[in-house]
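Build the full structure now, drawing on both the sequences and the hints.
Number of protein chains: 4
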Amino acid sequence: RERAEVVAVMDTWETRDGFDVEPPECDLTFVLGGDGTFLSQARVMVDRGVPLLGVNFGKVGFLADFEIEDVKAHWDAIASGTCVQTQRVMLDVDVMPMDTPKWDGKDVEPEYSYTAMNDAVITAGPPFRMIEMDLAIEPDVSQRSALTFGGDGIIVATASGSTAYNLSVGGPIVSPGVDAMVVSAIAPQSIAFRPIVFGADCDVWITMNRANEGTTLVIDGQQSTSIQEGQQVRIQRHPNRLQLFQNPNRTYWNTLSHKMHWAVRPSRT
Amino acid sequence: RERAEVVAVMDTWETRDGFDVEPPECDLTFVLGGDGTFLSQARVMVDRGVPLLGVNFGKVGFLADFEIEDVKAHWDAIASGTCVQTQRVMLDVDVMPMDTPKWDGKDVEPEYSYTAMNDAVITAGPPFRMIEMDLAIEPDVSQRSALTFGGDGIIVATASGSTAYNLSVGGPIVSPGVDAMVVSAIAPQSIAFRPIVFGADCDVWITMNRANEGTTLVIDGQQSTSIQEGQQVRIQRHPNRLQLFQNPNRTYWNTLSHKMHWAVRPSRT
Amino acid sequence: RERAEVVAVMDTWETRDGFDVEPPECDLTFVLGGDGTFLSQARVMVDRGVPLLGVNFGKVGFLADFEIEDVKAHWDAIASGTCVQTQRVMLDVDVMPMDTPKWDGKDVEPEYSYTAMNDAVITAGPPFRMIEMDLAIEPDVSQRSALTFGGDGIIVATASGSTAYNLSVGGPIVSPGVDAMVVSAIAPQSIAFRPIVFGADCDVWITMNRANEGTTLVIDGQQSTSIQEGQQVRIQRHPNRLQLFQNPNRTYWNTLSHKMHWAVRPSRT
Amino acid sequence: RERAEVVAVMDTWETRDGFDVEPPECDLTFVLGGDGTFLSQARVMVDRGVPLLGVNFGKVGFLADFEIEDVKAHWDAIASGTCVQTQRVMLDVDVMPMDTPKWDGKDVEPEYSYTAMNDAVITAGPPFRMIEMDLAIEPDVSQRSALTFGGDGIIVATASGSTAYNLSVGGPIVSPGVDAMVVSAIAPQSIAFRPIVFGADCDVWITMNRANEGTTLVIDGQQSTSIQEGQQVRIQRHPNRLQLFQNPNRTYWNTLSHKMHWAVRPSRT
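Residue numbers (the working numbering), protein chains in the order written: chain A, 103 to 371; chain B, 103 to 371; chain C, 103 to 371; chain D, 103 to 371.
Treat the hints as calculated values from the structure; they're not laboratory data. A portion of the hints provided could be inaccurate.
Identical copies look the same in the list; a pair holds intra-copy or inter-copy alike.
Below, computed lysine to aspartate or glutamate pairings styled on EDC-like, alpha-carbon distance capped at 20 Å [said to hold, decoys possible]:
1. Lys361 with Asp236
2. Lys361 with Glu234
3. Lys161 with Asp305
4. Lys361 with Asp209
5. Lys161 with Glu234
6. Lys161 with Glu171
7. Lys208 with Glu169
8. Lys361 with Asp178
9. Lys174 with Asp129
10. Lys174 with Glu331
11. Lys204 with Asp242
12. Lys361 with Glu169
13. Lys361 with Glu171
14. Lys361 with Asp303
15. Lys208 with Glu127
Here it is, written out as structure tokens:
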């Protein structure tokens, strides 16, 4: 009964973008909407330590993987806290000020900071010329060896985000159980680029060697800020993980098959 | 000797973008610059029926495939017209007015018209949400069957352009000797998209089902115009082909290996 | 009515592999079976100049694209010869004797010769070590420049075959209207390999630099012969094209969508 | 000084395949050879808990990443045990007897068991028809949901092996620091197959729905056994990890760039 009110409050939050009302204390948060709604709420709720349950009112429902009837069917398990939850790595994305020493911003206050559930993307933007970046993974450990890379942009995704934008540029599926991030490229100039999966404890540094006027950092496809030539973006694991209720009627593998059509085979019609 | 003057005149054209001076009559045009310069001159010169010879002052030199020393070495063959030329298919790209009947613009005057040597690209642009298009190849012949397709954009490339942007999104190499175009996708939402090669006589129609404010048609990476939701773009073979001098020291295959690093293998260092 | 008898005769041919009975004269041949049956009949029938119509008794029915009800529905057009036909490029595949000069077998009698409708494939075979080949396209014209390439094998496909094995290794779809072949690689050692489409008039030469005991040339997935280290295989256009009835209810584009699931998008279930 | 003798002993092992001599106790093992030699020794040595140092006498030297001069330069660090080591996940690969219950072999003695450092591969083999498999990842947890998948074969690779065969079929690079396996496919029939990375604690079950006479399980490209229709293969983490000395002059990232040519860009020559 209490939970019914929580649902109502949630709905209110979603429509107010300013989010100036402090959400009430709760044990569980329902997110009513599509995957986009879920992402925006996940970024807000991750630090409250409250598990989320996504009810699909959108199209695909990859994160919001409960249909209304699933909520009804599993209500007792949900309410009693026995419904299975998974934990998802999220990202801290920092845009560093222009004069930050290369690959070394330990004591530098970021200009902007974001939390991401799916991905942080740098995209070329108008006038759509190729941009160029230095990518360094764990510069401290890796002796500052970097990959110089040109193209339309770069995607740093969590395992959760691996089935989103990352997949559309040829990146691999990474099961949410893997403690890793994946870097993939949008239209890389090199024909020898391959996506790379590495530990979620690594810090990733991207330095813009060449940017367009419209070059933009995009968080989960939803938030964005302009990135300048010479600027650095640092990406690392967010201190907390998101807790996510999992529909007992589905598994990760059959969601991949049924919703993403993973490995669908030729058929007669 | 005469040709030395022509070289000088060409240089002048390149620097003036307005291009209000009618170029003098000539039998051969040298283009001094990189591949970008070559593309911009090719679009201007294709209808004059004069062959182009690209001298590489840029980085890669895929189209501009003569180095200065190659010009010297083959000067006699160039001057006498016995140096091998290839012919390249180019594209007419028409942006149709908003009220054009779907896939049927025979009697409609395009709003804008472009010529492309490499490719016509529709790119999502700010705020970088996924766009959606209907793609119809030869709608008259194919009973108006279309592919609905979402992603960051679409590339319609010539064989010449197949080794440019098309290659960076996973498209195939198409030898310039093939009378074909290729359609590839930038970050397609579907994991089952594959590039497709079809005859250069086909007309391609793209209808924007969903566009962003910043959605843009880009020609050869150099010219651009805004595209609105509901608008159609038609792409077909340009009536004339570009004549292109080919460096006798190179072949298409070894340029692919040496410049693009096609099929480069792992090595000790 | 006459044609009903022809159908019966065809069925007989299919079951006898020795094929010692000369098929009767006819204006049209029905092939009853799946795509595999169609391929085997196409190789036999291409030089008789008789069009084929494939009735799908198999799984996918890409070549055999008439269902029984389609034959009934379009019987008049089929019988009167007004049903649309397409023409398909086929390949001659020659295994050269061991002492054939490299890339030069004009006056050499091949050891074995095959006709292929879909593809000629060289596959590593037991004990499954990487094989290595030199690939030369038009060695006469291209100054004998070749690509040295290691992996599990190579596929030389026609446009018809582009949607078969070629597609499964990442090759492009090539519309049957394009006068081209495509070369793609099975598990190439290089991460910078890309499939290449080139004119159907080119001759392709493959020299085995390193082979396994079990290295095999496979034609249309159906016929095969052993290939030795040092041996050359030459592939060129077959002099005749196959005539193929096309189901008026389908187009190439909607067959791609409906049977191959080309560009299928994520869905709710 | 003592270690010089160990080197000599190692050399002896390598040449004797029977391996009937018990290797002497030691603190460190040098492997002199290429990556192939390293793999074969790693499988033998992993359970002795002795770290390996690969000295490259082969071609690429990805695992054997010390050149002779690197050994000299870092001798003191190597001998004193202060040279950095990494730990690599390895695999247990079990071929189950024919009557094993599907996805449930807890109490069943495997017919054959192998240890793999890079990968376990099931390959179609003669007569090279498409094989078909059910792939289940963690069948106990995932409610026995499986992916049915046709093609030339399947690769289950460790992070170490991700840059080997897996990479050649389009799989991602997985940094050795990630506790994961990757499944990729050789020539999948589906155009919607994508490689998948999942936790190294998962058990993978492959059931052969359709096999060829020559269908073979291949371990690290070196050991092999025949696989029958209906047979199951189980793959899980090996209880011990391999300890591997890492060349202090290299990092994983620059080895990728310099040896694999990862992200190499077009160049002038």
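Hints, verified against the model:
Taking the closest pair of Cα atoms, Lys361 and Asp236 come within 20 Å of each other only across two copies (19 Å); inside a single copy the shortest separation is 35 Å, beyond that limit. In this homomeric assembly, Lys361 and Glu234 come within 20 Å of each other (Cα to Cα) only across copies, at 19 Å, whereas the closest approach inside a single copy is 35 Å. In this assembly of identical chains, Lys161 and Asp305 lie within 20 Å of each other by CA distance neither inside one copy nor across copies; the values are 34 Å within and 32 Å between. With identical chains, the CA atoms of Lys361 and Asp209 are never at most 20 Å apart, being 44 Å at best within one copy and 35 Å at best between copies.
Taking the shortest Cα distances, Lys161 and Glu234 sit within 20 Å of each other only across copies (15 Å), while inside one copy they are farther apart (35 Å). Taking the shortest alpha-carbon separations for Lys161 and Glu171, only the intra-copy value of 16 Å comes in at or below 20 Å, while the best inter-copy value is 36 Å. In this assembly of identical chains, Lys208 and Glu169 lie within 20 Å of each other by CA distance neither inside one copy nor across copies; the values are 44 Å within and 35 Å between. Taking the closest pair of Cα atoms, Lys361 and Asp178 never come within 20 Å of each other, the shortest separation being 26 Å inside a single copy and 43 Å across copies.
Taking the shortest alpha-carbon separations for Lys174 and Asp129, only the intra-copy value of 18 Å comes in at or below 20 Å, while the best inter-copy value is 61 Å. Taking the closest pair of Cα atoms, Lys174 and Glu331 never come within 20 Å of each other, the shortest separation being 52 Å inside a single copy and 40 Å across copies. For a Cα distance limit of 20 Å, the shortest separation of Lys204 from Asp242 inside one copy, 11 Å, qualifies, whereas the shortest one across copies, 48 Å, does not. Within a single copy, Lys361 and Glu169 get their C-alpha atoms as close as 13 Å, which meets the 20 Å cut-off; across copies the closest is 29 Å, which misses it.
Taking the shortest Cα distances, Lys361 and Glu171 sit within 20 Å of each other inside one copy (17 Å), while across copies they are farther apart (32 Å). In this assembly of identical chains, Lys361 and Asp303 lie within 20 Å of each other by CA distance neither inside one copy nor across copies; the values are 30 Å within and 26 Å between. Taking identical chains as interchangeable, the C-alpha atoms of Lys208 and Glu127 are never at most 20 Å apart, the minima being 35 Å within one chain and 45 Å between chains.
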